[in-house]
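Construct the entire structure; sequences and hints are all you get.
Each protein sequence line maps, in turn, to chains A and B. Each residue of the first sequence is one higher than the last, beginning at 1 in this note's numbering. Each residue of the second sequence is one higher than the last, beginning at 1 in this note's numbering.
Keep in mind the hints are simulated off the structure, nothing from the lab. Every value quoted in this text rests on a predicted model; they were computed, and no experiment measured them. We put the beta carbon where it would ideally sit given N, CA and C, even for glycine. Each hint should be verified, as a subset may be incorrect.
[As the list claims (entries may be wrong)] List time: in silico BS3-like cross-link candidates among lysine-lysine, alpha-carbon distance up to 27 Å:
1) B/K57 x A/K3
2) A/K54 x A/K3
3) B/K57 x B/K9
4) A/K98 x B/K9
5) A/K69 x A/K54
6) A/K54 x A/K98
7) A/K52 x A/K3
8) A/K98 x B/K57
[What the hints assert, rightly or not] Computed, partial: chain B to chain A, Cβ under 7 Å:
9) F45
10) G58
11) F90
12) G98
13) F104
14) G105
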Amino acid sequence: LAKTTQPISMDSYEGQEVNITCSHNNIATNDYITWYQQFPSQGPRFIIQGYKTKVTNEVASLFIPADRKSSTLSLPRVSLSDTAVYYCLVGDMSWDYKLSFGAGTTVTVRA
Amino acid sequence: DSGVTQTPKHLITATGQRVTLRCSPRSGDLSVYWYQQSLDQGLQFLIQYYNGEERAKGNILERFSAQQFPDLHSELNLSSLELGDSALYFCASSPAGGAGELFFGEGSRLTVL
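Here it is in structure tokens:
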């Protein structure tokens, strides 16, 4: 299983762009990179998933360099409601894959 | 609303007791996952079921057991409860297994006194 490393916490201000980098040096060929967001006392919510290059949706962008050993989740123009824990997961689509969430990155957005 | 329903939302019980947490997955989802989240800890994977069969096991204690029924709902049974079992228990579902998108319920908060 690919181990992931991400910062424990990040602070930002409303309107700024937040970039969270996740390291996954031993990512396997069949692995995808997925990010989840979790608010206090709520279940995590899927944000974005990618395999290589760049993926963008209405919420975020995911940048994956060619070597895929890291990835960066970009949250454009954050607001106070983006204060949450963000998890980076790496894994393949096998049926018995044990999806493990690490400690995540606590992002605090201030006014 | 993720479409995943968990009951009860809150549960308070005493040490040594047994409780059952219930999860109804999204319509059509065959995989159900259980996670435990204690205070200041990340989500710990407990167990996964796919179409009624156990597919993957994580850090699930022997005092805990789970099953998925023919109608695909799942139950997590926690017995001989200890203070340290107090946590949020999340259920998630997905159409299949693996690293595809998981849809989480709102959780069941268990307090053991």
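Here's how the hints hold up against the structure:
1. B/K57 x A/K3: holds (18 Å)
2. A/K54 x A/K3: Within the cut-off at roughly 21 Å; holds.
3. B/K57 x B/K9: holds (24 Å)
4. A/K98 x B/K9: holds (25 Å)
5. A/K69 x A/K54: holds (14 Å)
6. A/K54 x A/K98: Given that 27 Å is the threshold and the Cα spacing comes to 25 Å, the pair holds.
7. A/K52 x A/K3: holds (18 Å)
8. A/K98 x B/K57: holds (7 Å)
9. F45: holds (5 Å)
10. G58: holds (5 Å)
11. F90: Where the cut-off is 7 Å and the nearest Cβ of chain A is about 5 Å from B/F90, the hint holds.
12. G98: Where the cut-off is 7 Å and the nearest Cβ of chain A is about 4 Å from B/G98, the hint holds.
13. F104: holds (3 Å)
14. G105: holds (6 Å)
In terms of the numbered hints stated before, the structure departs from none.
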